[in-house]
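With the hints as constraints, model all of the structure from the sequences given.
Mind the numbering: the sequence shown is residues 1 to 147 in full-length UniProt numbering, read in order.
Hints listed in this document are in silico derivations from the structure and should not be mistaken for laboratory results.
Certain hints may be false.
[To be verified] Taking lysine-lysine pairs in the DSBU-like style, the calculated list, with each CA pair at most 35 angstroms apart, reads:
| no. | residue 1 | residue 2 |
| --- | --- | --- |
| 1 | LYS6 | LYS55 |
| 2 | LYS6 | LYS53 |
| 3 | LYS6 | LYS59 |
| 4 | LYS53 | LYS43 |
| 5 | LYS43 | LYS6 |
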Amino acid sequence: MEQQPKYYIVEASLLPEVFLKVAQANRCLQSGEIRTVGEATQKVGLSRSAYYKYKDGIKPLFEAATQSIITFSLMVSDRAGVLSGILSVFARSGANILTINQSIPVNGQAAVTIAARTGGMDRSVEQLMAEIMSISGVARMEILARE
Numbered sequence: 001m002e003q004q005p006k007y008y009i010v011e012a013s014l015l016p017e018v019f020l021k022v023a024q025a026n027r028c029l030q031s032g033e034i035r036t037v038g039e040a041t042q043k044v045g046l047s048r049s050a051y052y053k054y055k056d057g058i059k060p061l062f063e064a065a066t067q068s069i070i071t072f073s074l075m076v077s078d079r080a081g082v083l084s085g086i087l088s089v090f091a092r093s094g095a096n097i098l099t100i101n102q103s104i105p106v107n108g109q110a111a112v113t114i115a116a117r118t119g120g121m122d123r124s125v126e127q128l129m130a131e132i133m134s135i136s137g138v139a140r141m142e143i144l145a146r147e
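Structure (structure tokens):
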């Protein structure tokens, strides 16, 4: 039976320099700033062999989260269009919404829980959350669970 990979959250200053350089090279390539691995590794001062050894295992936290099912918890105003605006952001990002639960509003606020598969998104989870938080009527948004 194939063993599932294990992941750890480590503060960046504790990581060996090679891991940070791989992350920098990945960012250069993903942004389109640089088009080849050779150029990216040269820019960050890393050997190509070290890059290829670690490239698939090093991802920023929110990028790694895009490969999973994430359950978000929100507190929203009881106003027409707020939930619709939130769902539009999910749709534009490429997230696949699996479930939506909304409580009955109390004092003009409703709790909303949204579970979404985030692997197809064209932005980071952090960017998605920032865009949703900018919607008038969204008071709070946090990650409740990751699978």
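Hint consistency between LYS43 and LYS6 [alpha-carbon to alpha-carbon, up to 35 angstroms]: Cα-Cα ~30 angstroms, so holds.
Pair hint outcome, LYS53 versus LYS43 [Cα-Cα no greater than 35 angstroms]: OK: LYS53 and LYS43 at ~18 angstroms, within 35 angstroms.
Restraint status (C-alpha distance of LYS6 to LYS59 at most 35 angstroms): Status holds; Cα separation ~13 angstroms.
Agreement of LYS6 and LYS53 with the hint, judged by alpha carbon distance not exceeding 35 angstroms: Given that 35 angstroms is the threshold and the Cα spacing comes to 17 angstroms, the pair holds.
Pair hint LYS6 and LYS55, alpha-carbon separation not exceeding 35 angstroms: holds, 16 angstroms
Of the numbered hints listed earlier, not one is contradicted by the structure.
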